[in-house]
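Each chain, written out:
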Amino acid sequence: MIKTGHGFLIWTTIFRLLAIVMIAISALLIVTGSYSIMALGATSQSSTTPSGGNIMLEVTSQPQIHGVAGQIIKVEAKITNTGSSSAGGIAYISIVDLIGKVPIDLEDWSAEKGLYIPTIQPGQSLPLEWNIRLVKAGSYTVDILFNKDSDLSSPPVSSPKIFMDVQPKLNLNPENILPVAFGVPAVLLAALGSINYARGRRTGVYR
Amino acid sequence: MAFQLYKSEVSGSFYSWRGAAWIVAASMIFSLVAYLLLTDKELSLLDQGEMLFTLGEIIISLGIIMATTSASSAISAEIESGTFESLLLTPITARQIAFQKLLSIVTTWLLLYVVSIPYLVAVSSGTNLSISAVFYVGLYGTLLVIAFSSLTITFSSKLKSSKNSVMISLMILLIMLAPSLFFATSLKKTGFGTAIEDINPVSHAMNSLDSVLVDNQQTLPEQAIHILPVVIFTIVCLLILTNYTRRFEVKPIE
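Top line first, the protein sequences correspond to chains A and B. Counting along the first sequence from 1, when you hit position 141 you're at 141 in this note's numbering, and nothing is skipped either side. Counting along the second sequence from 1, when you hit position 118 you're at 1118 in this note's numbering, and nothing is skipped either side.
Just chain B, same shape as in the assembly (with noise of 0.2 Å):
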């Protein structure tokens, strides 16, 4: 019965075309960067490196934001479908199928990174930075997926609606990616912004992947600053999973 939720979980996710098309079109959003990047006016300018980065961001938030979306609806789905008492009969703990779906999660996101291997490879050649590259976006990438997963599973147990956690996982998600996303670079530069940057682990990892790829930092003993902090919120994040997913009460939210 060990990891039968996880096979089955993974099995859905490419059972048929429309489990399996979400890989596809994540490739395309890559193609489609990978092609702006060589022919955009503006875009073809930027160094080889500021182009690594944009493409890195990119894989890393649409990781998040897949994994986010996955998991807000991991344990609401089941309570809403009614299939979660059936679950709960299989002589498996609430925790284990908690992590049974984070890894499930994570899985898909292993895929996800897997594909973007090509295209991080591509644009980084001619340069030293295709090993780094490829080392800290699935580094970044993984840890983050790990903790967002985490704590939106969390959600998704907890308010029993998968509407619900949606909504909240996703604002949280926004509002962790704003910085890096949506700051221009004089509001970063000011006290509010400094703070937001220095207590926001996306922040980090996406600080840290400007400073391996633009900057050229590209040893661990150089980045451990922003590597710090995002370790440690996805210990945070599995520590709350872990607490929160001891038992579940299958009564849907009224």
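Isolated chain A (complex conformation) (with noise of 0.2 Å):
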């Protein structure tokens, strides 16, 4: 009856300490799952519409652009008041090179840099919108910035990046030039050759 009893205890005791490792295991993985999601949702939310104090902006066009050098291209984006006082300053894109690592200087991509937004009224959306030029081929990203007229001290607000691969261009078919680039001096010198040749074998020059 004692070994019966002292038995019973040992295996009420090893249950009741699964119990508790299981428990704890339990609230472990909720507490790091939970904490997973959180971390998943700040990502999708800085990937969409990341936001800096009360404004926010959003990459309204394709997030990827594909394209061919000469190419125009069009951003947009929409720049949202979530703030409870009106708001204006300037919205500009950045290209940044990922290939040289150099930020690109815009004077032949864009004609219009930077868009001055005088206000934007509590709860309010405008639509910002470049049109760009791919001169060279290569992988760039782009962002779209602002800066408040307002907070001179502060970062400016950023958009999610947008992923440029231009593609190089062939204006010209080379089917078309290197023929005639080798072909017309190479002919010219051949014929002049001839005839000096020919001229020389009748004066006696070339025997």
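Hints in this document: simulated from the structure, not taken from any laboratory. Backbone N, C-alpha and C define an ideal beta-carbon position, used for all residues, glycine too. Do not rely on the hints blindly, as some may be mistaken.
[Stated by the list, open to error] The list that follows gives simulated cross-link-like pairs (lysine-lysine, BS3-like), each with its CA atoms no further than 25 Å apart:
(1) Lys1041(B) x Lys169(A)
(2) Lys136(A) x Lys1041(B)
(3) Lys113(A) x Lys1163(B)
(4) Lys169(A) x Lys136(A)
[To be verified] Facing chain B, a subset of chain A residues (Cβ under 7 Å, in silico):
(5) Asn176
(6) Pro185
(7) Val205
The two chains are supplied separately, each in an independent frame; assemble them into the complex guided by the hints.
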């Protein structure tokens, strides 16, 4: 009896310990899971509409652009004032060359680099649009940034990155150009050489 | 005796390797331009019309430079080498000598132009610009070569020094080419730039090529505003040549 009672106590203790461990593991899984979900939520938030204070920039055109050099593409975005007071500032684009690892001088790429927005009323959304000429083949990222007039010390609000892949363009067909570029001088040299040789044979220079 | 001088001048340009080297060099320049238009990262981005315009500018500029350089020693070199007296003893008038020299230079240009046609056709292939490119480059090139050669032969006969006539002719040529080749777009749009371009026949020729090849305004009536000043300039230069080559003085300048 004592033996039985002692065994029962042991098994009860083991089950209790197992239950505590399982509860602890479950609690741990729930906590870490919720952190993961929160982190995932935060990531998806930043990839769609990152916000800076009360301004939100959202890319409405394609987040990935595939184009050919010389083509003109359109980058569209939406700026929203989610705050309770009006805001104004400059929205502008920045292009970074991923291969050269340098920012691009927009001189040839876009006629209008910055758009001045005097006021965005609370709750108001405004469309933004840039026409960009793809000057050079390569891989780039495009950011849309907004600098608030009233807040000069804080960093600009930025949009999610747009990835841009620009393929080279061949306006001229090499099959048309190369035969002419190499053929004409060769034909001229051959013709002049033949005339010179024939004249030399006639006059006795070449025997 | 008619055209004997012309024939000897033309054959002099092709008699030997050295005489004909210029045409091979010119074709290599065109080849280099065409190759760069095909392969250069930034030039290859140009529209085909802009590429054609660039090539057309180079063909015409090269033609005028070659003609001016050649014409600047047309009379003075004969005087300096002492062969002009014997030329004057032949039964041709002074004016015929000048015009046969002019004709030989125009023939040289025509040969250069013929060599440039394959390049124009290759660069314009796939567009509707081939015929216009060949026609307008030929038209403006021929008119400007006649004009500058006439002016330069006149300098050569009056200055009697190849060195001086080369320098003066090239200076005039560079001044007239400058607005098209060296002026920035912003400078061309100023009052000064517009005034210079309005009175400059070379600018008219280049602007017309731009209008034809880039803006696709290919008909002659659309280009009449540009063709007319170039034609007038050519006629004035021919009149200058006609007037100042009635007789030659053989004695070189002291």
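We went through each hint and held it up to the structure:
1. Lys1041(B) x Lys169(A): holds, 9 Å
2. Lys136(A) x Lys1041(B): holds, 7 Å
3. Lys113(A) x Lys1163(B): violated, 53 Å
4. Lys169(A) x Lys136(A): It holds: about 9 Å lies between the C-alpha atoms, which stays within 25 Å.
5. Asn176: holds, 5 Å
6. Pro185: holds, 5 Å
7. Val205: Result: violated, 11 Å to nearest chain B Cβ.
The structure shown violates the earlier hints numbered 3, 7.
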